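Participant: Take a look at the letters that make up each chain.
There are 2 protein chains.
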Amino acid sequence: MSRTSDDSAPKKTRIQERREKLVLDCALEAFATNGFHGTTIDQIAAKADLSKPNVLYYFKSKEDIYLSLLQRTLEGWLDPFIAIDVAGDPMTELEAYVLAKMDMSFDQPLPSRLFAIEVMSGATQMKQSMRTTLRAIVDEKAAVFQTWMDQGKLKPVDPHHLIFSIWSVTQHYADFAVQIECLLDKPPNRALAKAAVIDILLRGLRVN
Amino acid sequence: MSRTSDDSAPKKTRIQERREKLVLDCALEAFATNGFHGTTIDQIAAKADLSKPNVLYYFKSKEDIYLSLLQRTLEGWLDPFIAIDVAGDPMTELEAYVLAKMDMSFDQPLPSRLFAIEVMSGATQMKQSMRTTLRAIVDEKAAVFQTWMDQGKLKPVDPHHLIFSIWSVTQHYADFAVQIECLLDKPPNRALAKAAVIDILLRGLRVN
DNA sequence: GTCTATAATATGATAGAC
DNA sequence: GTCTATCATATTATAGAC
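Going down the list, the sequences are from chains C and D. Going from the first sequence to the working numbering is simple: count from 1 and add 28. Going from the second sequence to the working numbering is simple: count from 1 and add 28.
Accuracy of the hints is not assured; some may be wrong.
[Claimed, not checked] Computed footprint of chain D on chain C; a stretch qualifies when at least three of its residues, placed anywhere within it, have a C-beta under 8 Å from a C-beta of chain D:
| id | segment |
| --- | --- |
| 1 | 58–72 |
| 2 | 81–89 |
| 3 | 132–145 |
| 4 | 148–160 |
| 5 | 172–186 |
| 6 | 189–198 |
| 7 | 214–227 |
[What the hints assert, rightly or not] According to the in silico footprint, chain C covers these stretches of chain D (three or more CB under 8 Å from chain C):
| id | segment |
| --- | --- |
| 8 | 71–81 |
| 9 | 102–116 |
| 10 | 137–150 |
| 11 | 155–164 |
| 12 | 210–224 |
Keep in mind that the hints were calculated from the coordinates and are not lab data. Values in this document were obtained by computation on a predicted structure and should not be read as measured data. Glycine included, C-beta positions come from ideal geometry on N, C-alpha and C.
Could you put together the complete structure from these sequences and hints?
Facilitator: Printed below as a string of structure tokens:
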């Protein structure tokens with residue numbers, strides 16, 4: 029009961045935070061493949077090597093786990109996108125962004141899949157923030173692209189659809205990894221994939 | 029019990045076929061948004077305006093409905109891809125394919141979503157056919173693209189990854205329709221989307 | 001904090017009348 | 001062929017001992 033070592037508002041001990049992170053990590057693995065309904069608390073508990081009531085001691089319900097996970101996932105998702113700098117060289121900025129997304133897809137496919145399943149299920153939990161927060165950021169970056177095109181630094185193309193294309197192609201390597209592995213010799217050649225995607229998405233934008 | 033009007037092996041009456049199609053149509057709507065586990069037979073029955081036992085009279089289990097649906101969906105999926113003709117003009121063939129896929133995404137997003145959810149869930153039911161049938165077709169078309177590039181009719185790029193890019197960008201408009209609607213003014217401008225996608229995916233391939 | 005036991009509910013599937 | 005009623009099971013969540 030002592031709180032001498034605590035310092036912030038949410039009075040969580042170190043072990044609590046560690047347990048919660050453990051549960052979320054295990055839940056991510058389950059939710060990202062089987063979706064919300066296809067995942068049971070038993071599965072999560074088994075992965076985390078905890079009992080089911082113990083999991084529900086840290087999260088009050090399955091939905092609570094899911095929502096916490098979704099929020100945690102969204103936090104890191106936009107970082108490389110926001111990092112696109114209008115003052116930088118357009119092709120350099122775009123290449124860096126595409127490569128960052130490709131690395132995310134290969135290194136951490138699960139958050140991408142969780143996100144995809146959530147959106148395909150109607151995105152009940154995220155629609156509001158997509159219409160406001162996400163939309164504001166997307167519009168801002170679309171304006172950056174438009175500026176570059178107006179300056180003659182990029183060939184003209186609709187900026188919003190360019191963003192969608194970059195997202196879809198890069199995330200495809202996470203979301204459809206199973207299919208890609210069936211169609212290519214395993215293990216997939218990451219360097220080849222990254223070079224090809226850069227070629228396909230950005231070559232048409234280059235101004236001589 | 030009369031079979032005078034029947035002609036083929038599966039002795040189904042016309043009304044049976046109609047009912048089965050009705051169930052599959054309603055099931056598609058449910059499975060494509062909520063996945064296998066998120067969908068109940070009750071939901072399907074309600075949509076079809078049938079009782080639950082009546083649905084199970086036509087399909088012996090929920091899994092039976094799901095698998096039948098998956099098979100039906102896959103049948104039409106590859107048609108426009110197979111139609112790509114090595115003897116045709118490369119840019120014309122590619123444009124026709126991309127536009128066909130875009131129309132499919134806008135007009136029939138549900139099969140695409142069903143497919144996507146299945147793949148993200150591990151594609152237990154389809155892995156085998158992806159490794160054999162689909163892979164053969166993909167390799168064949170990749171060879172067609174390679175031929176065109178060798179002939180100098182297309183700028184060189186890895187053909188397999190080009191196929192993945194086309195799939196991902198076009199199907200994105202079906203699978204992530206909810207997100208796109210949040211980020212663009214509704215209703216989405218189809219002509220603009222199609223033109224932009226053609227630009228982004230194919231402009232870099234054009235040889236002057 | 002963690003467990004076993006269990007309540008409460010949802011759902012797949014079947015039995016049997018009509 | 002279609003229905004109501006029901007069984008059997010799985011799963012969320014809680015109660016209460018330790």
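Participant: Now look at each hint and say whether the structure bears it out.
Facilitator: Hint by hint, here is what the structure shows:
| no. | hint | in the structure |
| --- | --- | --- |
| 1 | 58–72 | holds (count 7) |
| 2 | 81–89 | violated (count 0) |
| 3 | 132–145 | holds (count 3) |
| 4 | 148–160 | holds (count 7) |
| 5 | 172–186 | holds (count 3) |
| 6 | 189–198 | holds (count 7) |
| 7 | 214–227 | holds (count 6) |
| 8 | 71–81 | violated (count 0) |
| 9 | 102–116 | violated (count 0) |
| 10 | 137–150 | holds (count 7) |
| 11 | 155–164 | holds (count 5) |
| 12 | 210–224 | holds (count 7) |
Hints 2, 8 and 9, counting from the list given before, are not met by this structure.
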